[in-house]
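Using the sequences and the accompanying hints, generate a full structural model.
Listed in order, the protein sequences are those of chains A and B. Count along the first sequence from 1, add 617, and you get the number used in the numbering used here. Count along the second sequence from 1, add 1438, and you get the number used in the numbering used here.
Please note that the accuracy of each hint is not assured.
Chain B residues, not near chain A, derived (Cβ > 10 Å throughout) [said to hold, decoys possible]:
no., residue
1, 1515
2, 1624
3, 1703
4, 1789
Not everything, but these chain B residues come out facing chain A in the computed CB check (under 8 Å) [stated by the list, open to error]:
no., residue
5, 1623
6, 1626
7, 1644
8, 1647
What follows is a list of derived Cβ distance ranges for each label pair [what the hints assert, rightly or not]:
no., chain 1, residue 1, chain 2, residue 2, range
9, B, 1518, A, 1246, 41 to 47 Å
10, A, 744, B, 1632, 53 to 59 Å
11, A, 1150, B, 1656, 41 to 47 Å
In case anyone wonders, no lab produced these hints; they're calculated from the structure. The C-beta atom is built at its ideal place from N, Cα and C for all residues, glycine as well.
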Amino acid sequence: MPAALREGSELSQTTTAAESWLALFDRMLVIRLCEEQLARSHQRGLIHGACHTYVGEEAIATGVCAHLRTDDVVFSTHRGHGHALAKGLPPRELIAELYGRETGCSRGRGGSMHIFAPEIGMMGTSGIVGPCILQAAGAGYASRVLGLDRVAVAFFGDGAVNNGAFHEGLNMAGLWKLPVLFVCENNQFATEVPFNASAANTDVASRGASYGMPGLALDGNDVLGISSAAAEAVARARAGEGPTLLECRTYRTRAHAEGMGDFTYRTRDEVDEWRKRCPIARLRERIVAAGLATDEDLRAREASIAALIAEAETFAAASRPPDPATATTHVYSAVPAAPASPLRHHPPGPGTREITYGRATWEALSEEMARHPEIFVMGEGIGVRGGNFRTTEGLFQKYGALRLRDTPISERGFVGLAGGAAMTGARPVVDFMFADFIMDSIGEVVNQIAKMQYMSSGRLKMPVLLRGCIGIGHSAATHHSGNYYPLYAHFPGLRVLVPSTPYDAKGLMKRALNCDDPVLFLEHRELLNTRGPVPDEEYEIEFGRAVVTREGADLTIVAIAQMARRALEAAEQLAGEGISIEVVDPRTVSPLDTETILRSVHKTGRLLVVDEAYGPFGFASEIAAHAAGAAFDDLDAPVRRLFGAFSPTPYSPSLEQAVVPALADIVQAARQLARE
Amino acid sequence: MKIEVTVPRLGWSMEEGVFQGWLKREGEWVGRGDLLFVLEGDKAAQEVESLDEGVLRLPAAAPGEGDVVQVGQVLAYLEPRAVAVGTAPAPAPQMSPSLAPKLAAEIGPAGTGPQPARAGTAVSLPPVVPAATPIAAHPRDAVDSLPRPAVAPAATALPGARPVLAGSSGAAAAGRRPRTAPPSSPRARRIAASLGVDWARVAGGGPGGRVREQDVRASLATAAAAPPLEASPAGERVPLTALRRTIAARLTTAAAVPTATLTRRADATALTALRRSLASSTNQTGPVPGYTDLLVKLVGMLLPEFPYLNARWDGDALLLCAGVNIGIAVDTDAGLVVPVLRDVPSRSLGDIAAASRAAIERARANQLTPADCSGGTFTITNLGGLGVETFTPVLNPPQAAILGVGRITPEAVVHDGAVVAREGITLSLTFDHRVLDGAPAARFLDALRRAIENPERVLN
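Okay, structure coming up:
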């Protein structure tokens, strides 16, 4: 054994009282018996999906969670039943969840891999390896922002330590001294891949040094040793001394998932060997040897726990399945957060002061940061520098480094962190500079942030604002010009805002900073310096409210961002030819205000959708489909789409101009359609 | 398997007809080749022959005499000879419902339903009934059990000549697309329905002739501008017969063709003399040739020298017709019909007179077949018998020209410096100005004048 591996008995005898030992015994037994019940239920077909048991690893969750308060938060993995039970989840809610019942802890929305009980600090298990590390870091960051001494714990397997999330999460946690425990349950296989076949450095604990935090290697089957190490780590975290990495070496003695074969990649002898090191049996011997309880006492405790599990199973089996009518509830906040300022929808009249688009969003952020101390901003160069596009100019001086956080170039890391922070009470803003960079964090956005409210059956909020520049122009080339809003709008759970004027940008950003849903705020770079009227008084613009920016009779053009402006120019030009064009700017792609679009088509009978993004499966296609369906009898001509070339964005101006709908293209398409 | 009896297309542009009655009774055996029912098409009523056999079964909703029926509409069924009571017919193997549409899609274009006729080819389609050969389990069976695909032979419409607005007939305005209706936008159909306009009869100005909202509104404006349409006065509403609809459609079509009419007097003294001599001739076997017959012969002799008068506007080309087939306008109680006298130059005057007399008799007895009325290359219309002296004939598309003949009247003319009494006739030639210009038309007319003034060669 490595020198770092501690002999738990020494510590535990001095730090753990007899009651605690029995409590640890009980908790491990609850986990074991519950898992065995689930294995049995799985065999009987009562569990509809996957079931990953924690048998053999009970000491780790039990030993760590023994030192957590209810408000401390745990982020877990696909093998998370033990973490939930150790954090205090009643077994009946766990079994009911795996049975797919409405009394399950996730109300039947999650199953084995999405166990949520935020009321007791169980912040979810995950079907994706890695995000829990980032989310725990985010919870730690939120504790700092909110001034709480709350501690966050990430449990993860050895499979996660070769994932970027581990590196990015531990780096940021170490860098900012976040109150987090990173607990690696090294059970020696990532699913069925042996750890030594996937890691260049198999000493996980030693990696703590890379991130400026202590790394301890522990016997994962020794609950007393783990408990004492965790006690120390939790105390450090709570005291503001930063994170700790605990590597707990263990073994799962059941298959990766119930029903899967187990002896293609390991031997029965090896499994049997580890069964002999059962953490519960070991503690039992210690208790009896120390005279804290007799074997008979322990058998009585075991019987009462078995009865508890049996009762839990009966409860679960008797529970009703959820009402199918609720299948899509909790995709977004059920009760939208009230606006902090009056809602407005129509641009102000003449005489209003004019500011730039960039300044408008700056005002929105500045005003809302003053209103909400839980807002913090993360990004590259958004601290003392004030943002590449001056998005946070002067705010660092006002609010300090904690709320204006310059980040390492770890997009996945800080987006995952933002998600965890939002789950635990903060309101993070991630400033990407260029929205292209969001792609490096796409799993965190799509699999975690977008789905979190749903997975938690509406009990977690996800007020994350992801902002960045989009749009083609000024030879930004293909990594600084992506218009990917159709992609985000495809996923349930996200709000996608693409404003075209300073007025819209400010109102929508203020709404975004007051709502509880994750928002992508995408700013066309070519618009940042455009000016427009913005009233002095504060206001918000509701999502999903299109604006008719020009009234017309012959043809409707729908466009957003840069194309919304260009459509107005085209309309002006064609007015000279006697063609009267109505221009509709949806402002938000998700939700999309189809009603206003359809109303306009009802009026004009002709629809042209102009978009800078790619055509296939895109913004224009979506609107065309709506019109073809709901406005069929209104159409006097086929719907036309005009969109960007199906090509990465080229650099040379001559090439660049060729991939974006130009004013002349819009004019020509509109003229043709109007005459069709 | 029962066989559908459907409304056949009689002639090349028929869309609907008037059902005139059954020639067999309900439950009666119908053999192949038996005449089954009478249908009035564009031009004439026709006895329709059955190409299949079976027992005639009339559904409750079968049309009655005088009902307008659509081409392709099912009129009745022919059932196999009655099976003995208690003996169930052998069930046809069933195609799985999911497979059937797929097969339909695959074999749809071949062999199902009538093929669209091509413009310019005078195809007389047989009655639409599937082959009676009971090939069980052949994919076609599955197709036959499916709703018949709508037959939309748009190509049969006259090129560039879509009917323009006819009040609101209601049926088409409701939105169902008639078989040869023009393309139309959904909005146009909605607006048309709300305004009570039959969009299928609106001229579309969009791509491919698509009817758009503006076309519907424009048609309404045109209708409003037409004076006598407001507030129908009291009176009897006479339903349109198929013939009347055809005449209306053709004249409307003709109105879209740029035409000019040339008028010229001819000295008919010699012609009347010839007619008199023919009438008094003792070796006359057939009927006495009338003026129309004389003019048919004269025009028929001239036309080979004037190919552009014996021509058609054919979309992207001019078709100079190979034969000379002259239609004669015949007034009947039901309306105007134009039977065609074929290959005129090679026929004798007597032959022509006999043929025209027969055609006129058949026309007045409502017995003309579509074939009798098709294939004309030139038309002559003579209103002289009704006292009309001069008129403007309306073109009979797709023919390039029509000759109007007025009454022969005595007149005083200056001849060699002296006023003399002569017989005069007015010739009016209306021609398709796209096909030929005024001067060649005038030259034809002048040649005809000379022929009329020297008519003896008709006897050759």
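Hints, verified against the model:
{"no.": "1", "hint": "1515", "result": "holds, 36 Å"}
{"no.": "2", "hint": "1624", "result": "violated, 5 Å"}
{"no.": "3", "hint": "1703", "result": "holds, 50 Å"}
{"no.": "4", "hint": "1789", "result": "holds, 56 Å"}
{"no.": "5", "hint": "1623", "result": "holds, 4 Å"}
{"no.": "6", "hint": "1626", "result": "holds, 6 Å"}
{"no.": "7", "hint": "1644", "result": "holds, 6 Å"}
{"no.": "8", "hint": "1647", "result": "violated, 12 Å"}
{"no.": "9", "hint": "1518/B x 1246/A: 41 to 47 Å", "result": "holds, 46 Å"}
{"no.": "10", "hint": "744/A x 1632/B: 53 to 59 Å", "result": "holds, 55 Å"}
{"no.": "11", "hint": "1150/A x 1656/B: 41 to 47 Å", "result": "holds, 42 Å"}
Hint check: violations occur at hints 2 and 8; the rest are consistent with the structure.
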